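In order, the protein sequence lines correspond to chains A, B and C.
Going by our numbering, the letters in the first sequence line up with residues 1 to 229, in that order.
Going by our numbering, the letters in the second sequence line up with residues 1 to 236, in that order.
Going by our numbering, the letters in the third sequence line up with residues 1 to 363, in that order.
In case anyone wonders, no lab produced these hints; they're calculated from the structure.
Everything numeric in this text was worked out from a predicted model, so none of it was measured.
Some hints here could point you the wrong way.
Claimed, not checked - With beta-carbon atoms standing in for the labels, derived distance ranges: (1) Met128/B <-> Thr97/A: 30 to 40 Å; (2) Ala216/A <-> Leu121/C: 17 to 27 Å; (3) Pro14/B <-> Ala216/A: 54 to 64 Å; (4) Asp125/A <-> Val27/B: 32 to 42 Å; (5) Met1/B <-> Ile43/A: 25 to 35 Å.
C-beta atoms are modelled at their ideal positions from N, C-alpha and C, and glycine is treated no differently.
As a plain string of letters, each chain reads:
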Amino acid sequence: MSALYQAAAVAQTGEALIRWDWVMRHDERIRALFLDHVELTAIPVLLGLAIAFPLSLSAVRWPRLYAPLLAGTGLLFTIPSLALFVLLLPFTGLSRTTAIIPLTLYTLLVLTRNIVEGFRGVSDDVSEAAEAMGYTRPRRLVNVELPLALPVIIAGVRIATVTTVGLVTVTAVIGQGGLGRLFLEGLRFRDTTPLLVGVAGCIVLAVLADLALLAAERHMTPWTRRARS
Amino acid sequence: MEFLVDAAAWFRDPHNWQGSNGVPARVLEHLYYSGVATLIALGLALPVGLFSGHTGRGGALAINVANIGRALPTFGLIILAVIMMGLGDLPIFIALVAFAIPPVLTNSYAGIRAVDPDIRDAAEGVGMTGWQVLWHLEVPVALPLILAGIRTSAVQVVATATLAAYAGSGGLGRYIVNGFAVRDFPQIFAGALLVALLAVLIELVFGRLQALVVSEGLAARTAQANADAKMTSAAA
Amino acid sequence: MITFESVTKRFPDGTVAVDDLTLEIPAGEVVVFVGPSGCGKTTTLRMINRMVEPSSGRITVDGQDALAMAPPQLRRRIGYVIQQIGLFPHRTVADNIATVPTLLGWDKRRKEERTAELMHLVGLPEEAARRYPHQLSGGQRQRVGVARALAVDPPIMLMDEPFGAVDPIVRARLQEEFLRLQAEVRKTIAFVTHDIDEAIRMGDRIAIFAQGGALQQYDTPRDLLSDPVNLFVEEFLGEERGLKRLALIGVSEVTAETGPVVSPDDRGRRALEVARSHGTDWVVVVRDSGKLEGWASLHELSDDQRVDEGEIRPFALQVDAGDSLRAALNAMVMSHTGVAVRVSEGGVYEGILTQELISKEIR
Chain A
1 MSALYQAAAV AQTGEALIRW DWVMRHDERI RALFLDHVEL TAIPVLLGLA
51 IAFPLSLSAV RWPRLYAPLL AGTGLLFTIP SLALFVLLLP FTGLSRTTAI
101 IPLTLYTLLV LTRNIVEGFR GVSDDVSEAA EAMGYTRPRR LVNVELPLAL
151 PVIIAGVRIA TVTTVGLVTV TAVIGQGGLG RLFLEGLRFR DTTPLLVGVA
201 GCIVLAVLAD LALLAAERHM TPWTRRARS
Chain B
1 MEFLVDAAAW FRDPHNWQGS NGVPARVLEH LYYSGVATLI ALGLALPVGL
51 FSGHTGRGGA LAINVANIGR ALPTFGLIIL AVIMMGLGDL PIFIALVAFA
101 IPPVLTNSYA GIRAVDPDIR DAAEGVGMTG WQVLWHLEVP VALPLILAGI
151 RTSAVQVVAT ATLAAYAGSG GLGRYIVNGF AVRDFPQIFA GALLVALLAV
201 LIELVFGRLQ ALVVSEGLAA RTAQANADAK MTSAAA
Chain C
1 MITFESVTKR FPDGTVAVDD LTLEIPAGEV VVFVGPSGCG KTTTLRMINR
51 MVEPSSGRIT VDGQDALAMA PPQLRRRIGY VIQQIGLFPH RTVADNIATV
101 PTLLGWDKRR KEERTAELMH LVGLPEEAAR RYPHQLSGGQ RQRVGVARAL
151 AVDPPIMLMD EPFGAVDPIV RARLQEEFLR LQAEVRKTIA FVTHDIDEAI
201 RMGDRIAIFA QGGALQQYDT PRDLLSDPVN LFVEEFLGEE RGLKRLALIG
251 VSEVTAETGP VVSPDDRGRR ALEVARSHGT DWVVVVRDSG KLEGWASLHE
301 LSDDQRVDEG EIRPFALQVD AGDSLRAALN AMVMSHTGVA VRVSEGGVYE
351 GILTQELISK EIR
């Protein structure tokens with residue numbers, strides 16, 4: 001109970017929660033950390049896509065690969081991020097790479113799953129018609145199946161992105177972290193302001209990224225709009 | 001490769017297996033945090049999820065709680081909780097439970113919802129009451145997804161509990177936190193290894209449980225359900 | 001022209017889908033593959049464009065060995081229409097139709113012109129071009145499918161139950177339009193259906209397959225109906241084989257009888273004579289101009305009365321030179337007189353068709 005009283009006490013002295021003067025003094029830094037966070041989110045997702053695509057397409061082509069692929073990427077996902085970052089330290093030191101590799105690996109599960117499900121979701125009739133019209137396999141994949149798989153694939157990218165935004169904060173422990181550095185600062189000085197700024201920043205980034213991807217998807221798939229008729 | 005030798009030495013050092021900072025103590029601590037938090041989360045989320053799925057109401061909440069959970073930075077919120085509520089177990093448990101809820105809630109809801117309405121219809125037609133339909137029909141059929149949700153939640157909690165060490169809790173995360181503080185690399189590495197093993201172990205144990213409990217006919221759905229369920233966790 | 005030479009298809013699990021088929025589809029004709037499910041008709045069709053590869057045998061398309069060409073190149077010269085159509089949901093109607101032209105690298109203007117031409121041909125309104133498939137009705141989608149298949153004017157078309165997914169009324173209309181189109185363009189068409197009536201309606205020739213992929217008979221519809229080679233074919237053709245044959249024989253192919261004709265101003269006495277000489281108890285009333293008025297029953301005429309002072313009833317149905325004997329039989333059954341009356345376009349009386357006449361034709 002005492003903890004709750006303490007929380008209430010802190011909340012009552014309103015200014016103790018967020019000191020806006022602190023925010024304004026550090027706004028440059030906050031902005032820089034935000035951008036750093038964006039980079040640390042974007043790179044793993046893009047790398048993840050680059051790795052997941054060939055793996056997923058193989059699983060579409062040879063279905064027996066799917067279960068092991070899910071199991072493997074799933075197992076990676078199970079390992080707590082802090083542990084994975086640390087385990088990589090002896091190999092890549094306190095560098096950006098140590099952050100990026102595990103972050104990328106964590107995206108693989110959802111990206112693989114959604115890319116495979118996306119392609120599997122393309123109606124057989126459509127694939128068959130495309131083949132019968134004389135599309136070569138690669139052209140068919142890119143021109144017919146990929147656009148139709150896009151909604152599911154992008155849904156996966158959205159999940160991967162939002163998840164990565166949260167995971168990036170843990171990399172503060174190994175010297176990276178983006179907005180996560182504010183968490184360590186808040187911890188060190190027992191100061192809620194940097195913490196709240198960091199949390200708010202993460203949420204804002206996650207929401208913005210999600211909406212941006214959603215908008216991109218809508219833009220790329222005009223046929224899914226059921227507006228006119 | 002030298003670090004492997006150092007890490008091995010750490011494990012061979014008997015001091016690291018005794019006392020309140022020894023491996024057994026820390027593992028038990030970690031399991032204590034994880035277990036209690038998971039059970040509380042189950043107690044809160046499972047009834048809500050099952051009921052929501054059965055009646056069809058509150059679906060928006062059940063689905064979106066996972067989306068919201070995913071967007072919240074676990075690390076930051078744990079530290080925030082501790083700072084606002086002081087040291088001690090309560091803030092930590094609040095944070096652990098909060099993050100453990102979404103996978104259970106979302107997956108049990110989704111699992112019940114996914115039961116073929118025709119089957120439900122047939123059950124009611126035979127004269128089963130709502131309660132009976134839930135217990136004897138919906139839950140068994142939704143079991144792969146429900147268990148997948150619980151499994152994901154448990155693994156998630158293990159990860160979150162690791163981070164909680166930064167906020168002052170015990171458990172295996174302490175090795176990592178303390179190790180960084182005194183630059184004792186073998187300790188850091190050992191901690192990470194133990195955490196990773198524990199998480200994988202929990203995953204596999206639940207896997208076994210799932211295989212035993214879920215009926216043969218639903219086996220195929222289990223694999224898919226597991227992958228899907230992982231997506232509802234916040235990842236830590 | 002398409003030829004099959006001893007073509008067999010055996011699947012890995014041992015089932016024989018097509019059994020030693022040798023068949024020639026003449027250029028410019030519609031050949032229908034028909035049979036119960038499991039008879040290999042669709043597999044046979046799909047070997048032509050190599051969606052299925054034959055286990056043995058040779059297939060030639062327009063004189064060239066189909067197996068020697070690269071499948072994509074072969075397929076771009078063959079139109080393919082399937083039941084579920086398979087329109088690309090992510091492309092507009094216009095883009096769907098222009099699929100093969102795009103693959104072949106046509107320029108934009110040529111594609112636009114051709115698309116407009118095809119849409120007109122299959123009866124789609126202009127504004128449909130910018131719509132997406134999900135915004136169209138089933139019948140419209142079918143038409144887009146056909147237009148797409150015709151885009152590069154391929155000499156050969158493969159059609160697998162193309163009209164199966166729509167309701168009977170739309171189907172009948174699509175079949176009619178197809179026949180009209182084919183009369184114009186005269187493509188070499190292989191058509192698959194499980195419906196024997198559709199086969200008889202659409203095909204210049206029909207190939208009937210039995211389960212296990214063995215060809216039973218390959219003939220024109222008429223010959224098939226008049227001379228089925230075995231019990232299987234007989235049963236497949238159905239019990240109303242005779243009626244089906246009638247549907248294939250035109251009214252113009254039989255000579256109508258003159259019939260018991262009177263003018264409206266003839267007296268009842270005259271009508272009685274005429275009727276007696278024909279052995280009927282009714283007469284056909286035809287004006288001096290030649291136009292048909294109707295018929296009159298003897299029982300309602302008195303000797304001195306003029307025919308047009310009594311009741312002249314119209315015939316329930318009339319047939320003209322374009323109708324089939326089946327329609328004539330139908331008209332016969334519908335009329336109190338028991339005969340079918342034949343008229344010209346302008347309503348000029350051309351004679352009557354009797355049951356004896358029709359029976360003679362079937363025998």
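Right, here's what the structure says about each hint:
At roughly 58 Å, the beta-carbon separation of Met128/B and Thr97/A lies outside the given 30 to 40 Å, and the hint is violated. Taking 17 to 27 Å as the suggested C-beta distance range, the pair Ala216/A and Leu121/C does not conform, at roughly 39 Å. Checked against the hint of 54 to 64 Å, the pair Pro14/B and Ala216/A passes, with Cβ atoms roughly 57 Å apart. The beta-carbon spacing between Asp125/A and Val27/B, approximately 55 Å, falls outside the hinted interval of 32 to 42 Å.
Between Met1/B and Ile43/A the Cβ separation comes to about 28 Å, which falls inside the hinted range of 25 to 35 Å.
Of the numbered hints listed earlier, those contradicted by the structure are 1, 2, 4.
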